[in-house]
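Student: Spelled out, the chains give:
Protein chains: 2
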Amino acid sequence: MAMYCLLKLAPLFLAVAVCNGWLFGDFVGKQKEQDEISLWPLPQKFQSSAVAFKLSPASFQIVHAKQSSAGPSCGLLENAFRRYFEYIFGDLKKPEKSRKKVYDSDLVELQVWVTSADPKCDDFPSLQTDESYELSIDEPSAVLKAANVWGALRGLETFSQLVYEDYYGVNNINKTDISDFPRFAHRGILLDSSRHFLPLKVILANLEAMAMNKFNVFHWHIVDDQSFPYMSRTFPELSQKGAYHPFTHVYTPSDVKMVIEFARMRGIRVIPEFDTPGHTESWGNGQLDLLTPCYSGSSPSGTFGPVNPILNSSYDFMTQFFKEISTVFPDAYIHLGGDEVDFRCWESNPDIQKFMAQQGFGTDYSKLESFYIQRLLDIVAATKKGYMVWQEVFDNGVKLKDDTVVEVWMGNKMEEELQNVTRAGFTTILSAPWYLDYISYGQDWQHYYKVEPLSFPGTDAQKKLVIGGEACLWGEYVDATNLTPRLWPRASAVAERLWSDKSVTDVGNAYNRLVQHRCRMVKRGIPAEPLFVGHCRQEYKGL
Amino acid sequence: MAMYCLLKLAPLFLAVAVCNGWLFGDFVGKQKEQDEISLWPLPQKFQSSAVAFKLSPASFQIVHAKQSSAGPSCGLLENAFRRYFEYIFGDLKKPEKSRKKVYDSDLVELQVWVTSADPKCDDFPSLQTDESYELSIDEPSAVLKAANVWGALRGLETFSQLVYEDYYGVNNINKTDISDFPRFAHRGILLDSSRHFLPLKVILANLEAMAMNKFNVFHWHIVDDQSFPYMSRTFPELSQKGAYHPFTHVYTPSDVKMVIEFARMRGIRVIPEFDTPGHTESWGNGQLDLLTPCYSGSSPSGTFGPVNPILNSSYDFMTQFFKEISTVFPDAYIHLGGDEVDFRCWESNPDIQKFMAQQGFGTDYSKLESFYIQRLLDIVAATKKGYMVWQEVFDNGVKLKDDTVVEVWMGNKMEEELQNVTRAGFTTILSAPWYLDYISYGQDWQHYYKVEPLSFPGTDAQKKLVIGGEACLWGEYVDATNLTPRLWPRASAVAERLWSDKSVTDVGNAYNRLVQHRCRMVKRGIPAEPLFVGHCRQEYKGL
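Residue numbers (the working numbering), protein chains in the order written: chain A, 3 to 545; chain R, 3 to 545.
Any given hint might turn out to be false.
Copies of the same chain look alike in the list, so a pair counts if it fits in one copy or across any two.
Simulated crosslink set (SDA-like; lysine to any residue; CA at most 20 Å straight-line) [stated by the list, open to error]:
1) K466 - S128
2) K203 - G527
3) K387 - R377
4) K56 - S442
Since the hints were made in silico from the structure, they are not lab data.
Can you build the whole structure from these sequences, using the hints too?
Tutor: Below, the structure is given as structure tokens:
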């Protein structure tokens, strides 16, 4: 039977772009069931037909292809097979083999074929990770082909999204061919565990949701002014005195390991942010003399400002601290912050003033900031890690390593900043339009969706330096009570913008798919909030 | 020992007003533990001392006072005793009597003394309900005195809020005298179960939260354009064809009974709203010819508008329907809606045009609207129920029964409307400033808190006609995934405005108490969202 572009079957569901170059044909039947299919984010190339296969939990299985370089010893894939089997069939357990019975129209297996010699089962994902995959659904076997496990994970998610229940509640999947890859390599979510402590299960649930949306970076803004929940083995007093509570509101080394491994199993990098020299009030509780004493007139006021940049002890501390961080977090990058340094305390302090004069900085405190950051970057570079920084670090003219990722977060002059950063040859990610802590009445996801990250003026070479973006949910007003429904499905808009083709911009089409995708998240146990009026068929299962 | 006004103990926690007329004294010690006390809403008269008593789950009990007209046969109070014992002691079960041991500083019981001859254990609360109570905490017994069970319920909540954990985690309560009563008689929450279906457990959880905030009216906007989840025994097709799903997304008669009884046990009235003639699209699915056929040119377009006001069958239907409603819902009031009638469909229909001409209405369709409403009101009046209406019904000059409650919801000219309604001698409630479905970044609870319902120009007699207000959470963007944290503690701001004295307006003071009150809700299992940065000591217990 001929293949038909899904565009013809259900115009609302897929944008024109995805059909370019594919065979077109007349629509024949089955529209109702096709409506249940709603891929998110939309794959790069997609071809589907009205031919449907049935999936039975008694006969269907996800298996390693014979040619695959991965096998049963690949724990990452074994776990993923189980996870997606459960997403598809819910609580239905696979019956004993003896009860297996296969009918003509059944799809009996999904073969996962990892093609490269090294499947990377035990690796960590990275910025260079190849996440592409090819998926072919046909009887009697579907085949998912990917260079390594990371692409396989993305393809498994897509496969699970293709399955829909027919009129009788039977799982179906249509004959389909997909060739898919991400538009941007860095697709992140920032969560803030300092303004409010986020229990481990909230973080893990959101990593689950990230995988459902093909996000691949968890930017963990782990500490800040308000609290220091990271339990350091080198400096245990940081959390003992800087966390909201030294036992109940901290991330132990074992917690951190669990987050990293849970993320790895889903192809998600964990990039911790230890923001200095500002945003460090909580550090001062457990580390004497780290922060600058502020002065009121000629005497210390008892309050403290940013990290004290004029003491060698500050740099000794950072050397030891980041040595630990570089071993605890396996990712090649650490986020070093560098944003929003308040100069008033430095200005008030006579020792700082003296140092400024000695260095010939005049009264330009951004030079002092850069002085600090420069030394910090060198310290971190010595641990063989790359670093990410907020845009101020670049703006202030600090000398950065070539592989530095500059994060553009300021909404005003965002395009100008992207131009400047990329003109200087640095890779950059965009978060300015995606501060999801800001809320407003109505469907604000549409604003996030309409952003085009490469709309700034610049050469092709400059555009290539934009490696992605991040949806940031700062923690002032969210904690375990409201974080997940506030983040999802609003962050899903960013997910599609960063994964799908540039031409995928039809908001009406996106709305229809996102309504279904949101219901799918709810069904899988993620309390994603509604886009608008309506209901999910299975909303009771997930809540 | 002398009694001290808590104002002296912890200035941030209680406003000046509550101390008027009470004995003042010097503050002695115990500030730290006092900080744990944070009553919400603030009682009318409050006096506390630093003398603390301990409460042990092994010895403390809530009992009927000997003089009380209520006893063990009063199921409402027995349930409340158990509920508040569990709020105070959590999972700790009361040990066997033989293990009971009483120490000198223990508070051994709270005696609940219902003073009127009829305790009203089996009644429903009403607009006339006396919710006042007096609470005296002293050794060896505390006494809660109220005319009937409704005041006792409010006093039990206050008692439970007075208990705090000391340094050792032991429950303490300070010597205290409280005399309390609500400023307004109608303190409501509107939930909308039509835009999204709200599972029963969501409604019940929010009734729990309402009781914690001394709200006393659940305004159940049960049906609307989008769906008709109310299962009618007289017209079962209304929900069979008008609900999102005929089995899973409906409120059965048993569900409705449960909501009403659960609310009654907490002193909360349930006022259902069946909004007509607009907002009725879902009614048309199950009731043929009820809605007006809209015309496109000279022929019906296939779409439908408001209830058809020119057919006798419409009034026959309403007569039967509201006869059922008046028996299902025990409250003396039914909300009949009457808002936002779109005239375009009526204008398009030639039969309606003809009727307009016959009646001499010209082209003033608000006259037709009033024609309909007038007949509807007479139908409902015949069931011996009172009615509430949205402000348009009054604005359009419909003749209303004297006891009608007009709900002012339009934000523009709100004060003018209050003036007009009360000048005409009608009781009114205010919801215009409290549409909690509108969200914005930051602490919007402060805006709700700062509203003064009686700030409009008018005589004392007019002001007395303002019997309260309602916080409305319309359902376009909320369902089971996000409703509860979006409503609480934002609605708590409205709760205090409607209960406490007019002079209680200090936002800083309110912030400090509300932070604690919000943590108390979380501890009791209500996922109320955070006001700002910080943490709850016991946030893990509730989540």
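Student: Are the hints correct? Go through all of them and say.
Tutor: Results of checking the hints against the structure:
no.: 1; hint: K466 - S128; result: within (17 Å within a copy, 68 Å between copies)
no.: 2; hint: K203 - G527; result: both (12 Å within a copy, 17 Å between copies)
no.: 3; hint: K387 - R377; result: within (15 Å within a copy, 78 Å between copies)
no.: 4; hint: K56 - S442; result: neither (43 Å within a copy, 46 Å between copies)
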